[in-house]
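Engineer: Here the sequence shown stands for residues 222 to 450, numbered as in the numbering used here.
If you are wondering where the hints come from, they were derived from the structure by calculation, not from laboratory data.
Given the structure is predicted, the values throughout are model-derived calculations rather than measurements.
It is possible that part of the hints are untrue.
[Claimed, not checked] Here are the in silico distance ranges between beta carbons for each label pair: (1) Glu352 with Glu241: 52 to 60 Å; (2) Val440 with Pro293: 24 to 32 Å; (3) Leu263 with Ser237: 36 to 44 Å; (4) Val366 with Leu289: 43 to 51 Å.
C-beta atoms are modelled at their ideal positions from N, C-alpha and C, and glycine is treated no differently.
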Amino acid sequence: MELLEGFLKALQLIVSLDPEVMEVAGRSLRISLTSCLLASALCVPLGVLVYFADFPGKRAFINLVQTLYALPTVVVGLFVFVLLSRKGPLGDLGLLFTPTAMIIGQVILISPILTGLVISALSGVGRETYETAMALGASNLQAAVVALREARYSVFAAIIMGFSRALSEVGCALMVGGNIRGFTRVLTTAISLETTKGNIELSLALGMILLGLALVVNVALNFLQGKYQ
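Based on the provided sequences and hints, a complete structural model is requested.
Structural biologist: Pasting the structure below:
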């Protein structure tokens with residue numbers, strides 16, 4: 222009965238567009254989208270370069286990237302915390318416990334996923350498209366763009382996967398963001414805090430929003446994968 226009452230109150234908070242709930246959800250989206258866009262700008266070109274270039278240790282590098290798919294969020298959080306702490310190399314920037322620190326952590330967290338999935342997407346297309354474009358007089362960059370265009374749906378799916386990973390992580394956000402109300406509190410850290418405080422209604426409301434966002438991401442991913450196939 223208590224769970225049902227909490228669920229109904231959570232629905233009321235969502236339907237009434239409770240300011241605190243909307244604020245936390247909006248901040249989560251902003252931070253995760255920014256992280257995903259920055260990581261995509263870095264990792265899509267890197268994935269293309271790794272796939273088409275031949276260099277010593279290429280297979281080992283790809284294996285390392287794939288191993289880092291399971292990189293624990295708390296390990297990333299620890300690394301960024303040390304990096305940005307007062308005694309760290311970037312401590313003078315004063316970025317610890319800010320949204321910027323959270324973005325840095327999420328970029329590091331999802332970069333291996335994006336890089337590895339971009340390489341896999343290009344593997345699905347093969348080198349034939351690239352080599353054909355080169356034979357027709359295209360430059361290396363132009364040929365790579367043509368191959369990337371052929372794999373665009375799988376690349377978009379990789380970006381969505383990265384966004385989903387950033388949105389749902391909690392360890393790194395808590396360690397480098399500090400869960401400061403009105404500043405760095407996001408959906409996952411707010412759920413953790415409110416649950417320990419016994420505020421089940423707010424926790425459920427935030428959890429339902431997080432699940433709803435995950436559902437949207439999953440539907441988009443299935444759509445892209447179906448279109449690609």
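Engineer: If you check the beta carbons of Glu352 and Glu241, does the distance land in 52 to 60 Å?
Structural biologist: holds (56 Å)
Engineer: Is it true that the C-beta distance of Val440 to Pro293 lies inside 24 to 32 Å, as the hint says?
Structural biologist: holds (28 Å)
Engineer: Mind checking the hinted window 43 to 51 Å against the Cβ distance between Val366 and Leu289?
Structural biologist: Between Val366 and Leu289, where Cβ atoms are some 27 Å apart, the hint is violated.
Engineer: Assuming the hint says 36 to 44 Å, is it satisfied by the Cβ distance from Leu263 to Ser237 or not?
Structural biologist: holds (40 Å)
Checked against the numbered hints above, the structure breaks only hint 4 and satisfies the rest.
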